[in-house]
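J.: One letter stands for each residue in the lines below.
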Amino acid sequence: MATASPSPSPNPNALRFQLDTTLPDTLSFSSADEAAGHPFAAAVFAVDGVASIFGVNDFVTVTRTPGAEWDPIVEAVQAAAEHL
Amino acid sequence: MSGTLALVGGGEWTDGCEPFDRDLLEASGADEVLVLPTAAAYEHPDDAVATAHRWFEGLGATVRGLMVLRRPDADDDAHLAAIRDARFIYIGGGSSLHLRSVLKDSRLWDAIVHAWDAGATLAGSSAGAMVLCDPMVDPRGGALTLGLGLVEQVAIIPHANTWSVDKARRTFDLATGGLAVVGIDERTALVRDPDGGWHAEGAGHVAVWKDGHEVGLDGLPG
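In order, the protein sequences belong to chains A and B.
Under the working numbering, think of the first position of the first sequence as 1, with each following residue one higher.
Under the working numbering, think of the first position of the second sequence as 1001, with each following residue one higher.
Looking at chain A on its own, in the form it has when it is part of the complex (with noise of 0.2 angstroms):
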């Protein structure tokens, strides 16, 4: 079960999330039928708002549509983590 933290990226429309964790591959998603077979992914996409996913070594950055409230979105993306 991992954490993540949320904290500002220089993209005002992305949100990196630090882990706890070391992700064994790459993730790279710009839509919820790219990430279908994903646990993690596919959870943060159900969230309307998400625009991609990408994720490194021991982040993940989560991009928002335009005007979209990151509220649900970090609330998705740290309820998922608890599976990775």
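Certain hints may be false.
Here are some chain B residues pointing at chain A (derived, C-beta under 8 angstroms) [stated by the list, open to error]:
#, residue
1, Trp1116
2, Gly1183
3, Gly1212
4, Glu1214
Stretch-level coverage of chain A by chain B, calculated; a stretch enters the list once three of its residues show a Cβ under 8 angstroms from a Cβ in chain B [what the hints assert, rightly or not]:
#, stretch
5, 10 to 19
6, 26 to 38
7, 68 to 81
Quick caveat, the hints were computed from the structure, so don't treat them as lab data.
No experiment lies behind these values; they were computed from the predicted model shown.
We put the CB at the ideal spot given by N, CA and C, even for glycine.
Following the hints, put chain B in place on chain A, whose structure we already have.
T.: Structure of chain B alone, referenced to chain A:
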């Protein structure tokens, strides 16, 4: 084959930079670093050179400051000779606009490019990193402007851990068509090896963005 290129996100010559500065010294095979404080021309350039001297002395190397501070200095034969003889050239931070105005289309810039093409190690921090690429992020508001183009289709946001959100928004709004926007934290280096591969070193993070999505270092040009 070109030399190693390091784009540093600021905070050069301070704690946290040791790992990549050691690697850059090793890559250069030199024990002297030629430091250009050009971007700090109006902010005590002598102090910048002194800081670099203290820093690299701790790493077992000496520093020579090349006081290219104004446009005529970039046409000075003695300065050109120093560039030609250098194995490790480090362009420090300050005003990217002043730095660009001094170097653009100058004989000194041609000499720097030639030295790097011939295998010298070249590092640029903050303003120094910004101007080496094209386009360049205009520090005043985040728009995209002309850089010197040693690396093309890449725009650098230095001090990414503290950069202005409004400026960044402007940059990302303008960065279309597959342009890579790279955020580099302070005391962190994005390094291009002679074989064209990229890696990141240092205390912070390097993020590569294309069309608003983070893509990783393999999104950078070879």
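J.: Work down the list of hints and note, for each, if the structure agrees.
T.: Hints versus structure:
| no. | hint | in the structure |
| --- | --- | --- |
| 1 | Trp1116 | violated (27 angstroms) |
| 2 | Gly1183 | holds (4 angstroms) |
| 3 | Gly1212 | holds (6 angstroms) |
| 4 | Glu1214 | holds (4 angstroms) |
| 5 | 10 to 19 | holds (count 6) |
| 6 | 26 to 38 | holds (count 3) |
| 7 | 68 to 81 | violated (count 0) |
The structure fails hints 1 and 7 (numbered hints given earlier, in ascending order).
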